[in-house]
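Number of protein chains: 4
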Amino acid sequence: MDETPFDDDSLHEECGVFGIFGRADAAALVTLGLHSLQHRGQEAAGIVSFDGKQFHVERHAGLIGDTFTKQSVLERLPGEAAIGHTRYATTGGGGLRNVQPFFAELSAGGFAVAHNGNLTNALTVQRELQRRGSIFSSTSDTETILHLVATSGARHFNDKLIDALSRLEGAFSLVGMAPGRMIGVRDPLGIRPLVLGELEGSLILASETCALDIIGADFVRDIQPGEMVTITDSGIESAFPFQARRSRFCIFEYVYFARPDSNVEGRNVYEIRKRIGAELARESKEMGDIVVPVPDSGVPAAIGYAQEAKLPFELGIIRNHYVGRTFIQPTDSIRHMGVKLKHNANRSMIEGKRVILVDDSIVRGTTSQKIVQMVREAGAVEVHMRIASPPTRASCFYGVDTPEKSKLLASRMTIEEMRDYIQVDSLGFVSIDGLYRASFEPERNPHAPQFCDACFTGDYPTALTDFDGADNVRQLSMLGGNG
Amino acid sequence: MDETPFDDDSLHEECGVFGIFGRADAAALVTLGLHSLQHRGQEAAGIVSFDGKQFHVERHAGLIGDTFTKQSVLERLPGEAAIGHTRYATTGGGGLRNVQPFFAELSAGGFAVAHNGNLTNALTVQRELQRRGSIFSSTSDTETILHLVATSGARHFNDKLIDALSRLEGAFSLVGMAPGRMIGVRDPLGIRPLVLGELEGSLILASETCALDIIGADFVRDIQPGEMVTITDSGIESAFPFQARRSRFCIFEYVYFARPDSNVEGRNVYEIRKRIGAELARESKEMGDIVVPVPDSGVPAAIGYAQEAKLPFELGIIRNHYVGRTFIQPTDSIRHMGVKLKHNANRSMIEGKRVILVDDSIVRGTTSQKIVQMVREAGAVEVHMRIASPPTRASCFYGVDTPEKSKLLASRMTIEEMRDYIQVDSLGFVSIDGLYRASFEPERNPHAPQFCDACFTGDYPTALTDFDGADNVRQLSMLGGNG
Amino acid sequence: MDETPFDDDSLHEECGVFGIFGRADAAALVTLGLHSLQHRGQEAAGIVSFDGKQFHVERHAGLIGDTFTKQSVLERLPGEAAIGHTRYATTGGGGLRNVQPFFAELSAGGFAVAHNGNLTNALTVQRELQRRGSIFSSTSDTETILHLVATSGARHFNDKLIDALSRLEGAFSLVGMAPGRMIGVRDPLGIRPLVLGELEGSLILASETCALDIIGADFVRDIQPGEMVTITDSGIESAFPFQARRSRFCIFEYVYFARPDSNVEGRNVYEIRKRIGAELARESKEMGDIVVPVPDSGVPAAIGYAQEAKLPFELGIIRNHYVGRTFIQPTDSIRHMGVKLKHNANRSMIEGKRVILVDDSIVRGTTSQKIVQMVREAGAVEVHMRIASPPTRASCFYGVDTPEKSKLLASRMTIEEMRDYIQVDSLGFVSIDGLYRASFEPERNPHAPQFCDACFTGDYPTALTDFDGADNVRQLSMLGGNG
Amino acid sequence: MDETPFDDDSLHEECGVFGIFGRADAAALVTLGLHSLQHRGQEAAGIVSFDGKQFHVERHAGLIGDTFTKQSVLERLPGEAAIGHTRYATTGGGGLRNVQPFFAELSAGGFAVAHNGNLTNALTVQRELQRRGSIFSSTSDTETILHLVATSGARHFNDKLIDALSRLEGAFSLVGMAPGRMIGVRDPLGIRPLVLGELEGSLILASETCALDIIGADFVRDIQPGEMVTITDSGIESAFPFQARRSRFCIFEYVYFARPDSNVEGRNVYEIRKRIGAELARESKEMGDIVVPVPDSGVPAAIGYAQEAKLPFELGIIRNHYVGRTFIQPTDSIRHMGVKLKHNANRSMIEGKRVILVDDSIVRGTTSQKIVQMVREAGAVEVHMRIASPPTRASCFYGVDTPEKSKLLASRMTIEEMRDYIQVDSLGFVSIDGLYRASFEPERNPHAPQFCDACFTGDYPTALTDFDGADNVRQLSMLGGNG
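Residue numbers (full-length UniProt numbering), protein chains in the order written: chain A, 1 to 483; chain B, 1 to 483; chain C, 1 to 483; chain D, 1 to 483.
Where hints are given, some of them may not hold.
No distinction is drawn between identical chains; accordingly, a pair holds when it is met within one copy or between any pair of copies.
What the hints assert, rightly or not - With a straight-line cut-off of 30 Å between C-alpha atoms, the simulated DSS-like cross-links for lysine-lysine are:
| # | residue 1 | residue 2 |
| --- | --- | --- |
| 1 | K370 | K407 |
| 2 | K53 | K285 |
| 3 | K53 | K405 |
| 4 | K70 | K310 |
| 5 | K370 | K70 |
| 6 | K310 | K53 |
| 7 | K53 | K70 |
| 8 | K407 | K53 |
| 9 | K310 | K285 |
| 10 | K70 | K285 |
| 11 | K53 | K370 |
| 12 | K285 | K370 |
No wet-lab data here; the hints were simulated from the structure.
Chain A with its partners taken away, still in its complex shape (with noise of 0.2 Å):
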């Protein structure tokens, strides 16, 4: 059986974080704050709370509106404060084994975390605790934090936590929870996102703003790379116990992870996508007679195109939104039709038309090679598409869920040959630079990049110790990133 393919080609986020410190219903509300993470991973979810005296653990495979929304579950998580994570993938037969957050209770007291990013040496320090008696219970590269936790020497909680992140390479950004107190850490590049917020007085911890104005939260700022934040009931205090580097924030998060109506870095993610779309405009050479999304991702680009370029934006592609990520071709016979399960060319908009199309970015490209051909196949009589990000080359090892190098079309295709591949008159990706004007940097400062940039330039910002030598995708396959 094959899942939805349109879904295989695609990146995905792999986490969303979010807490609450100090307010009645504090489950609850990390309950909404995950669903309006949903798009950060979809497969399953977990919360812990802590009620003065115990902590209370909860894990479900499926969307937050489907499983903890029920009055039981809920019921099952007292407490005034809560932190909880969404994730996209039970990889493995693991089942909730890997869900986050992970909690342990240590001769210190209990310990909850949720973590977003992915750790890139974490296999080789669980190979060091092992050998010295640890054992694991997951194969989530998070559980190492805690076992960092338990065995260190130091004598403070906090302590214990900066010298287990002392440790670890990669990108982090940390939600925990110990008695009486919600800590968040990012790490020292900053790679994945997390904002403060408050609601009423109570302070929360979050991956996107989205989730604040959900419940109606005020956005205090963002948390700062390599900043720790220890919430208690006297207040916040900030720290930044490692080593400053200069921050290199996910540039993709801006392309296609965030939600548009998130503020991120201090810069709206939608007002982004259009300036990249007015970019793509500004380089592009064609003409055409409408500008068409692919949606939905597809969507701020194209206005901004539409607007720089003068053209008609125009639902020239109808997408399904009740395709679930489940959806299984029913036979054999079928799968070789190459149904429309997901998206449908609207013919009247498209017939005898040149078309310029416009996607976040093309990872395997076969979806793109699907929607030209549905497209043509509606009339379009030219089909330009533009990419609102540029190639993506090469793999992530930050918590982005990237098929291998080898099945990147353009890390084995030169652009004329992806045009060729994808059968569109003309192929235009964004230049870098032009992403990083979008992006409101002038240019991209190649010595010291402001952003991680890495799939698209190869060029990684931290070490990358479990993957380095011959044996790289064994090892991958043996600890799963998580977040």
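We have chain A; now place chains B, C and D onto it with these hints.
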């Protein structure tokens, strides 16, 4: 527990139908056809197949893509002919009893029927049939058709069906199946759509053309109002067995129900919606800075409005597509917070702007109130609401789930009162003639209206036998409409 | 996959019925009554209650104690009158369609009926009704009763029911419910049991007295063969509307179906079973060292045998009660190992002994073969099998799920051949007269047998209209017996 | 909601273990072995298999025959070695976390362990391990074994395990599995049973011999108290690595826990139970007319009693085997009726008789009270109760779920008070020496008791480190015993 309030405040089409004759994998193709008609009903679906000897019936609650795509389900539906139905609601405790298609083993052989529409004298006829000894196993009006066929004195099968339908009032677009034949019928007014398609020689009946597109089938023609087609191995035969009447297609299919990529009665739905937006712009005197649709249904009209008014079209409101129909608001105190489960305003786009908000219709007005409040809180300096249909003043008895008349905002308020109620600076509805113009008619012919527009005008094109007299509401609750 | 082979080799009673009138918590009491009748059918159950205005229907697959005891289920069954039914099989793909009680809204008002027994002309009558326009929604013979009531020309409700039942052949012990009344009927031969009980003034109808015991109700009397009782707020009325016939109670109820603690037709089941064992001992010439029952059904007869023969009664075979009906033998190779899923011989008790093995009946003989082999492998030096019923030679058409005649071991072998087939040193069945004596009759009256013993004698007390002629088997598969 | 009260009033063995080495279909055979050990725990089960490279883990709540027999489950358990565990309770909200076998990937390789018994210093050791940095993922004492192995400084695997077990107190009959080996260990006192079997050359470890019988395997011998056996492709090796002590097998295994067809420590359980019944008869002075067992556990002792006393053995109480553990008494008013969900007296057998009632033990006394009342209401003129064990006065800390001491009837009443409480004419318990005699010992040696009989005598054979001091109850609730 309160379910998503937003969903309560829109109208729901109750049914979509699809059938295919003479093709291996018939049931699998019906699955795909129903998937593309999922917008016409999300709660439950059924498929009946005929394998040359026996009929096979499957009914499931939930989305097609989650229920009917399992190999085991399709294996229980063998045969080269199959019909299916997707429906909005399984009201009451009846479980799957009311899920169509209905099937009965009659003395003349098996007969299955799937019905889009609603009969307005089903209860009256049902009582007569019960007096005669017929036993009803559902509360659906569609079962009445089966009993009338079963008790008809006519000799040939098609005559029995004509006999049965001649006794019924209301809207019916039917797909039926008896051994060796598939039958399509539209009521004399043609209130609900029904189209004929073809896939490599096999004939198809479907509610909308988008259900042909998904499997790459060709559109042949609309079934005519009052037409009955009989599809057998020898081909298709057409008859017009009912008294001829001037057609009255449901104009709300254009406004909201049909998918924008469908062509209905020869016109493209997306195009009509854009034209309604343009009419609205022409009829409107107020100025704004940006045109913002209430997603998703307001999008095409907003595009049309923006193009006509030469104003920027912007996604100022973002929709969370992960809200299923079952999202339960977790606690009482949270319910009163007015959380933004489904929509969020994009402050960066809206702040300081005069916003022209475009939506398809106003039913109870509760959603509009919340949306407007959200847009104001995001910093809009003026909010002007434009509605792509005339005020909805009367209930539908032809297959749409409308609240009772007294709950329709427009039935109890003037436009100025409504403007005040939803707290906008100005409120405009497209005129009835504007709507007809957008639908390619010169204007509404008051003596012989070209469409059924009863929800706007109260001008019902059929008798309403079951609903006459004082006890309408009670009767309605006893016999649910079904499709 | 092969389900428990042991279970395939016994006869299954198909139904138990229970109703109570005029008591708060009616449905909860029906739940308990059905629980105590669970031995008469384990696959599915249903309850219909009447709250003075409306009927409420619940049907569930599985054991009563797992399905109907949930608070939410009982809350959906309000009212002071309720009837219920438990059944052995939901044959075919019909799901819950065939689960009783059946209910219909007739022009005369609602009517629910629960039926223990089987009609032998239901198919013939069904065809007549279909010709007339009746639509059947199940494949159960019981639905025929509803349609005959619905189409009866009689004026009063009871007369409609008498009219309906007069047209039917076979076995029926019914509990019916219409507004304001509960009705109990037994067919003129009284083939299946039905008793009247009382709990603090409220009257009860039940298949067996053990269903009265569980709730502490008093036994009033057996409903008589051919009797119809009508229970209303004014009390109970009795009538004998059918032509009088000499009664023919099913003697297999004593042998196997009824619970040992029930009194049926004035006699205690456990006592009769012990008396059968004593008859067996008297009719038997072989000697043994110990008497070992095949648990659980052989236990009472083995006790009676041991007491009469003055031999020790020993549990030489232990039964595993955790075998549900669904235990699937895991793999092919294991299936051929002949694993002891349900019974295990207790070697310490059996080794070196001459074992007299007592069982209730032999159906296909496959279980007996396995049991005997197991006892021999445990070291028995001789195995003598004694069966507490005569050879089962003919199928039952009155509500028992018997294999077709050709699969009954006794229909194709002599006793000596059977002895050889199951590999015992001697094999004895109780004589038909011995069975009658144990049942407190002097002997079988061959001209007017006091019981229905058709499964032993082939002497059927009613016409078998549906089963005459060459195509019995096909017909049977088209219309399942139901209780 | 109140669950079946009868079930609350008996003792529950918490675990059964089974392993097989060197045989295709290993997991399927474990399934069957666990099925025959289902009486030792019904709530949940787990199986771990090893396919030569990888370990595979499955855990499910429910009966083996309902969960592990699905083809899909067995296909996820490939390999020629597998071990399994069935357990009584998944206490608390831990879900499947506490279901055994436990498995961990240690630096030395994978290790799985299934444990029958209970450790009496697990909590104390756990705290030490946590201080050292170990993270526990369950509340089961068995996980402590894994951590001690993981952190052991010994070099070879078996030495690590010996090192670990040497630090633990209490009862443990273990089956472990590491790559290439299966290990069986019994604690030095041999409190719980463990036997060695063989099936066509493949070796088996199981809690009881009935688990060998089900698959036709041969019994080889009991694993000795304090013995560790290591099974590899080269055969079996035996070692006695712990300090030698005189064995103290749990005598309650004979009284109630073990299956009657098992041979334990060289003695047949059914035979010992009959001998206890005979001792009871000899120690009893009262006369009766019939001997009636409380089914099912009282049956063997009642047979022994009746044979010794030369009185008729009769099934005067019938048990309903369809009562699952989850039967919920439907309503409050019904709960007060004292319904007979599980047992019913057979009035015909009991009326007018002097009844000698035989049961295995009295825990809280609530069941005995109800049974006696039921027997009296059925017309017994005298009721004499005889119990096949001495009064149960103390809690078990070795793997049996006993109520706390204060709830044990015999810990707070004299026998005369108990007689009065359960309202019998006489009450007798077998003497402790009678019980030893029935178990083939001349008498109890008070200086060196041959069995663990702590539940009758309070004489615990091990230290109870976790339970010393004032806060027993709290500690117990923090660390559940597991098997």
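Status of the hints after comparison with the structure:
Taking CA atoms no more than 30 Å apart as the test, K370 paired with K407 passes inside one copy only; the shortest distance there is 17 Å, against 46 Å between copies. Taking the closest pair of Cα atoms, K53 and K285 never come within 30 Å of each other, the shortest separation being 65 Å inside a single copy and 58 Å across copies. Within a single copy, K53 and K405 get their C-alpha atoms only as close as 48 Å, which misses the 30 Å cut-off; across copies the closest is 28 Å, which meets it. For the identical chains of this complex, K70 and K310 are neighbours neither inside a copy (49 Å) nor across copies (47 Å), given an alpha-carbon limit of 30 Å.
Proximity of K370 and K70 under a CA criterion of 30 Å is satisfied inter-copy only: 24 Å between copies versus 40 Å inside one chain copy. Neither within a single protomer nor between protomers do K310 and K53 lie at most 30 Å apart by alpha-carbon distance, with minima of 62 Å and 61 Å respectively. Proximity of K53 and K70 under a CA criterion of 30 Å is satisfied intra-copy only: 24 Å inside one chain copy versus 33 Å between copies. Within a single copy, K407 and K53 get their C-alpha atoms only as close as 50 Å, which misses the 30 Å cut-off; across copies the closest is 29 Å, which meets it.
In this assembly of identical chains, K310 and K285 lie within 30 Å of each other by CA distance both inside one copy and across copies; the values are 14 Å within and 24 Å between. Taking the shortest alpha-carbon separations for K70 and K285, neither the intra-copy value of 54 Å nor the inter-copy value of 48 Å comes in at or below 30 Å. In this assembly of identical chains, K53 and K370 lie within 30 Å of each other by CA distance neither inside one copy nor across copies; the values are 56 Å within and 39 Å between. In this assembly of identical chains, K285 and K370 lie within 30 Å of each other by CA distance solely inside one copy; the values are 24 Å within and 44 Å between copies.
Consistency note: the structure conflicts with the earlier hints numbered 2, 4, 6, 10, 11.
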